[in-house]
Every structure is written in structure tokens, then in C-alpha cells.
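Sequential numbering from 8 applies to the sequence shown in the numbering used here.
Because the hints were derived from the structure by calculation, they are not lab data. In this text, a Cβ means the ideal position worked out from N, Cα and C, and glycines have one as well. Please note: incorrect hints may appear among the correct ones.
Pairwise CB distance ranges, derived in the manner of DEER restraints [stated by the list, open to error]:
#1 E112 - N67: 41 to 49 Å
#2 S114 - G94: 18 to 26 Å
#3 R31 - K69: 20 to 28 Å
#4 E89 - A120: 13 to 21 Å
#5 R50 - S114: 32 to 40 Å
#6 G94 - K19: 19 to 27 Å
#7 T10 - M106: 48 to 56 Å
#8 K22 - S104: 30 to 38 Å
#9 L72 - M106: 38 to 46 Å
#10 S104 - N67: 46 to 54 Å
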Amino acid sequence: PSTVAVVSIGPKMCKDKLMQAAGRMRLLGRGQQVEFLGTHEVRRKVSECAKGRPFAVKLNSKDLLQWVMRNTVESTEEALPEWSRQGAVFATTRGKSDMACFDEEMSLQHFYAGAL
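Work out the full structure: start from the sequences and follow the hints.
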């Protein structure tokens, strides 16, 4: 290959971010290729998702994509309650700007998980 890109894979990588990273290779498959790099934790998670294939077995891009799609589904399922709440708020406050402000529900502690 004339060019090789490296895409780093995070522990909760979803489809959109993976496709955004790989899509930067304009000639992918035509002289360009992509390699994926992740931590041991990511490797373990992909291996578990790949029908329990042993850690020592070489994983392939299909295994990675299967794991990324599982992460995407889980992420979407987790977000549904918040999306529906936001939709309900929008539907009830449309055109009523005085009703559109709410108190913050998440603390810095929630976002930084004890790092403060």
C-alpha cells in the first residue's frame, strides 16, 4: 500500500466516530489501507464480542465492526430516555420561552467521576 492510516479505538467506540476516522482515507482500498490500534482492554472486549474467540487469536475487521455496532446499539438504547424527555420538553414549551429554562440536573461530580 502507498499509505497506511492508524485509527485508535477507544473503549466505547461507536460507528459514527469509526466511520469518520476511516473515511478520511479518500482512496481506502485503492492503494490505501487502515490499521486499528487499541488498548488491551479494547482487545479483550472485541474478543469477547467475537463469540468468545480466545485472546490469542488474531481478530479481524469484521470482529471490530461487530463490537463497534454493539457499542452503537447500547449507546442508542441508553440515550432513548433522555431523547424522549427532551422531545416532551420541546413539545410542551414550543413558543413559551419562559417555560424553556430548567435547573441543571447533573453535577460536576457526575461528569468528572471524583477527579475534583
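Hints, one by one, checked against the model:
no.	hint	result
1	E112 - N67: 41 to 49 Å	42 Å, holds
2	S114 - G94: 18 to 26 Å	24 Å, holds
3	R31 - K69: 20 to 28 Å	21 Å, holds
4	E89 - A120: 13 to 21 Å	19 Å, holds
5	R50 - S114: 32 to 40 Å	34 Å, holds
6	G94 - K19: 19 to 27 Å	24 Å, holds
7	T10 - M106: 48 to 56 Å	54 Å, holds
8	K22 - S104: 30 to 38 Å	36 Å, holds
9	L72 - M106: 38 to 46 Å	44 Å, holds
10	S104 - N67: 46 to 54 Å	53 Å, holds
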